[in-house]
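**Student:** Take these sequences, add in the hints, and give me the full structure.
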Amino acid sequence: MKAFTYERVATPAEAAAAAAKNDGAKFIAGGTNLLDLMKLEIETPTHLIDVNRLALDKIEATPEGGLRIGALVRNTDLAAHEGVRRDYALLARALLAGASGQLRNRATTAGNLLQRTRCPYFYDTAQPCNKRTPGSGCSAIGGFSRQLAVVGVSDACIATHPSDMAVAMRALDAVVETVKPGGEARTISIADFHRLPGNTPHVETALEKGELIAAVTLPPPVGGKHVYRKVRDRASYAFALVSVAAIVQPDGSGRVAVGGVAPKPWRIEGAEADMRRGAKAVTDGLFADARPTHDNEFKRTLAQRTLGSVLTEARG
Amino acid sequence: MTDPQHWDPSRRDLMVSVAAAAVLAAAPELAKAGAGLASESRMPTYAPVAFTVNGEARQLEVDTRTTLLDALRERLHLTGTKKGCDHGQCGACTVIVDGHRINSCLTLAVMHEGSEVTTIEGLGDPDNLHPMQAAFVKHDGYQCGYCTPGQICSAVATLAEIKAGVPSHVTEDLFGEMLPTDAEIRERMSGNICRCGAYSNIVEAIAEVAGRRA
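If you're matching them up, the sequences are chains A and B in order. The first sequence begins at 1 in full-length UniProt numbering and counts up one residue at a time. The second sequence begins at 1 in full-length UniProt numbering and counts up one residue at a time.
Hints were generated in silico from the structure; no laboratory data involved. All values reported here derive from a predicted model rather than from experimental measurement. It is possible that some hints are incorrect.
Which residues of chain A face chain B? A partial, calculated answer using Cβ under 8 angstroms [stated by the list, open to error]:
{"hint": "1", "residue": "31"}
{"hint": "2", "residue": "32"}
{"hint": "3", "residue": "46"}
{"hint": "4", "residue": "50"}
{"hint": "5", "residue": "80"}
{"hint": "6", "residue": "81"}
{"hint": "7", "residue": "92"}
{"hint": "8", "residue": "101"}
{"hint": "9", "residue": "103"}
{"hint": "10", "residue": "105"}
{"hint": "11", "residue": "106"}
{"hint": "12", "residue": "133"}
{"hint": "13", "residue": "236"}
{"hint": "14", "residue": "239"}
{"hint": "15", "residue": "298"}
Virtual Cβ for every residue (Gly too), placed ideally from N, Cα, C.
**Tutor:** Here it is in structure tokens:
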């Protein structure tokens, strides 16, 4: 691990000022992804700003009837929160499908959104990777790509976003609240938060340098049956091959977001108009622009069958 | 240099950076060519941290890179907590911090100012075993024993999580009563790997402590 200087901050303004002052700074909260990457020298911050003492660990009702989830709320606490379990079961289920008990106890809401891909070529520092070293090439294209993305990809990168939580948040129309280094606040819809790779796969989110996530807000509950179904190589503690987050209303309409298939939680609102026609109609829309590799083209079929099973369960 | 009291993971990097600085001082023309290298040479920085381990107040001055795991093992000599993968994948380093089980390899010691840490040594000792330790012995919940301290810390916290009503991936009703069934124990313990494969005995040990007949 490369050496770094370290400071604890007490307010978002202090955090922003520290980030503005230190060029190679990173915020650290749970650290479960960042420290893993620092040990491998994939991440090499010169300065760590410990934000764990910011008062951003509350879950509060919003005046509109939704929930405001502080950036530092741990994954375990978010999944166990009564209001989340009652009104946003999709989110509770997605969180519980991810990682291990130990990791969920540390990992935060903001950190989960910002976690980086588990593409094996991103992790292997002996291999070219445009995300790790811009311009060096992509070893995954033409490599072992069974786990990797089938849609939203580019000639520069076919990595997936690994989060389960973010897939549920995409279906729930979450909004990310941030504080910029200058101190001004802004909101970013979850749909616009993660970026597609294009020819800059190292730029993964809409955040500016030094911009801090303060909270994630959920709109008022939309009701319906919530199902999160994750398909993976073992029954627990593995990343998704495909995951489906669905909210199905009594009239058969609903929302669908898919994980494990794209560089961001994958949802196309237009495809949801076909919910009543069944899973194939929806996934045909979701994967209309898919560019799978020989190794991962099975994900389209798997997503269709998983959604089919989810719709049967939801309508049962 | 070999005194384990002063083991310091940064020593090699420190010597490398001192050597690089010496080369650059001796050959200024190389300094320009090697500017990139020089900027990558970073001096380790140290910071104080104070926390409680197994009820005892401890104070350390650590290289900021020191994980909680390395602080416990290499500085405080509490070697019960094990380093397996060092990347949060195996669970051998599991300890209980402020009541929650975490991977001590994926957190920095300096992030735990004021924390209360419980390691396997704090749960019990050979003359006064914690009920979970006694159950692992009774049910033969290990073979080589390397993963065992992490398994036991994780198991103690797992039962506390079930008692507190924290749901899991296999909990059918998010509002139903949380019970320590075999399926619940297996799912909640999935962050602890046992390559000897003592899993069925581990589940029996945990079930017994949970009050179920094994």
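**Student:** Taking the hints in turn, state whether each one holds.
**Tutor:** Checked hints:
1. 31: holds, 5 angstroms
2. 32: Check passed: Cβ of residue 32 of chain A comes within 5 angstroms of chain B, closer than 8 angstroms.
3. 46: holds, 7 angstroms
4. 50: holds, 6 angstroms
5. 80: Holds, because the Cβ-Cβ distance from residue 80 of chain A to chain B comes to roughly 5 angstroms (cut-off 8 angstroms).
6. 81: Violated - the Cβ of residue 81 of chain A stays beyond 8 angstroms from chain B, reaching only about 10 angstroms at its closest.
7. 92: This interface hint holds because 6 angstroms falls under the 8 angstroms limit.
8. 101: holds, 5 angstroms
9. 103: holds, 6 angstroms
10. 105: Holds. Min distance 4 angstroms.
11. 106: holds, 5 angstroms
12. 133: violated, 14 angstroms
13. 236: holds, 4 angstroms
14. 239: With a closest approach of 12 angstroms, the residue 239 of chain A hint is violated.
15. 298: Hint on residue 298 of chain A: violated, closest Cβ of chain B at ~24 angstroms, above 8 angstroms.
Violation of the numbered hints given earlier is confined to hints 6, 12, 14 and 15; the remaining hints are satisfied by the structure.
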